[in-house]
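Enquirer: Now for the letters of each chain:
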Amino acid sequence: MKYSAFSLVYETLRGHADWKPVWREPKPKAEYDVIIVGGGGHGLAAAYYLAKEHGLRNVAVLEKGWIGSGNAGRNTTIIRSNYLLPANIQFYEWSMKLWERLERDLNYNVMVSQRGIINLYHSDAQRDAFARRGNAMRLNGVDAELLDRKQVRAMLPFLDYDNARFPIHGGLLQRRGGTARHDAVVWGYARAADRRGVDIIQNCEVTGFVIRNGRIAGVETAGGTIRAGKVGLAVAGNTSRLAAMAGLRLPIESHVIQAFVTESIKPAIDCVLTFGAGHFYVSQSDKGGLVFGGDLDGYNTYAQRGNLPTVEDIIEGGVALWPGLGRLRLLRHWGGLIDMSMDGSPIIDRTPIDGLYLNGGWCYGGFKATPASGWCFAHMIARDVPHALNAPFRLDRFAAGTVIDEKGQGAQPNLH
Amino acid sequence: MRIVCPYCGERGNEEFSYLGDASLVRPDPAGANVTQAFANYVYMRDNPRGVHRELWYHVAGCHSWLVVTRDTMSHEITRVEFARDAASVRSLTGGGG
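Residue numbers (the numbering used here), protein chains in the order written: chain P, 2 to 417; chain V, 34 to 130.
Hints may be right or wrong, so weigh each one.
Claimed, not checked - Rough simulated footprint, nothing fancy, chain P against chain V, three-plus residues with beta-carbon under 8 Å:
{"no.": "1", "segment": "56–67"}
{"no.": "2", "segment": "82–94"}
{"no.": "3", "segment": "110–124"}
Stated by the list, open to error - Restraint-style ranges between C-beta atoms, simulated for each label pair:
{"no.": "4", "chain 1": "V", "residue 1": "V75", "chain 2": "P", "residue 2": "T208", "range": "42 to 52 Å"}
{"no.": "5", "chain 1": "P", "residue 1": "R333", "chain 2": "V", "residue 2": "Y90", "range": "41 to 51 Å"}
{"no.": "6", "chain 1": "V", "residue 1": "R86", "chain 2": "P", "residue 2": "Y4", "range": "27 to 37 Å"}
{"no.": "7", "chain 1": "P", "residue 1": "A31", "chain 2": "V", "residue 2": "V122", "range": "45 to 55 Å"}
If you are wondering where the hints come from, they were derived from the structure by calculation, not from laboratory data. All figures in this text were calculated on a predicted structure; none of them were measured in a lab. Built from N, CA and C at the ideal position, the CB exists for glycine as well.
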């Protein structure tokens, strides 16, 4: 069923009794042209673009739990393209352009809200660095505005501007940045992929790969072997484990990042805000809760939960920036597993095994990349060559010395 | 998560800073295939789900480097030793862990 104002009115008048399941629940076939491992946003987007842009219909997405049960449903829903390095600007700006037309493309309301994102600066040196980043963005056709203290104060009067240690001097604003509804992104891609014939197979964990003469031939699952011409991994958080099943060792550590939501309050903040003197960012959900987060816990882990010192550290940062936050109660908080790559940038590349493709290393920033990641991954899988947009995100860039180190902190995942 | 420092006793993990995998061994700069060996040493990780030997520095305590054996799934810590003791065992046995 195509969604429209008409279908909404029609179903409403019928008491919402006739809505159909949004995707099928097929049994896996014996063989697919392409199998995508991982039913998060990136995997589902890749399957959708394989079908839509490249005409491949014999495609399956295998998900060990239910779709969107990993990081796609655990992130803080921010979309932006305010990067400095050329590879990042171009890739994330393509993602932003896809976000801007995603609802029409998918015929699904993913609630893209271009409410703007402000990165605050707190010193002259930081202002200069932000001006440089803003200039780099504008040179690449991305919107950026450097705001002074007065302009920020007019938008966000409740912040602590005269904090003795970290006074707010201004901010870098990207008006086209904002948020999108993360679950709806998963469901929208799943529905659109399903409508183009992609099999979405849930509760189907991949336990190994079938590799013959250096070429992928299929995957092993709890339910048996499924043959495949090509296999793409989109399992960030667990990329090292899956890759190890294919004999690959990667420049990735798995870490946990925590996120938080407060009780609902009246509309308080109409943009995404980041603290420049500590690691803290916040936006307000449509339900009214303040959604916020900060640093990783900073040690290797596969547990989808964090520790209290990080909770305290993030909330201290938030209250330093916005003292009124201290009056709110925390409704819930959670953790998600992230692939921390060694330079803080993702990997979208072929692997030494023919027909096995890798999409991972998203660190703490995979959500905003969902459309471009899926789009580039699909292009690379279909044509067996990287698209120019993902060509810099090579697996061998570490040995080659062409790292993409946006934060300039080197090979230290727990610093990114 | 609490770490029992062999010198200071049991402390919260916020007193420590983390460096990562303790099994990595710096390659011999005069060895064969040294560029690849250093790339592997600096960038590549086993990243296991399960038992992991890792380096922690007691920055808000005795300033000891520690090798902590911890399960990355349960966060259970089964062993904490001074890094210099672990290193001397490694050099005596010639092993990589």
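Enquirer: Now tell me, hint by hint, if it's right for this structure.
Expert: Results of checking the hints against the structure:
1. With 0 residues having a beta carbon nearer than 8 Å to a beta carbon of chain P, the segment 56–67 of chain V misses the requirement of three or more and the stated coverage is violated.
2. Coverage of a stretch by a chain is defined here by at least three residues with a beta carbon nearer than 8 Å to that chain's beta carbons; for the segment 82–94 of chain V and chain P the count is 3, and the condition holds.
3. Residues of the segment 110–124 of chain V lying with their CB closer than 8 Å to a CB of chain P number 0, which falls below the three-residue condition for coverage.
4. A beta carbon spacing of about 31 Å between V75 (chain V) and T208 (chain P) contradicts the range 42 to 52 Å that was offered as a hint.
5. Between R333 (chain P) and Y90 (chain V) the beta carbons are some 33 Å apart, a value that contradicts the proposed interval 41 to 51 Å.
6. The given range of 27 to 37 Å is broken by R86 (chain V) and Y4 (chain P), whose C-beta atoms sit roughly 53 Å from each other.
7. Range check, A31 (chain P) to V122 (chain V): about 52 Å between beta-carbon atoms, so the 45 to 55 Å window is met.
Violated hints for the displayed structure, listed by number in ascending order: 1, 3, 4, 5 and 6.
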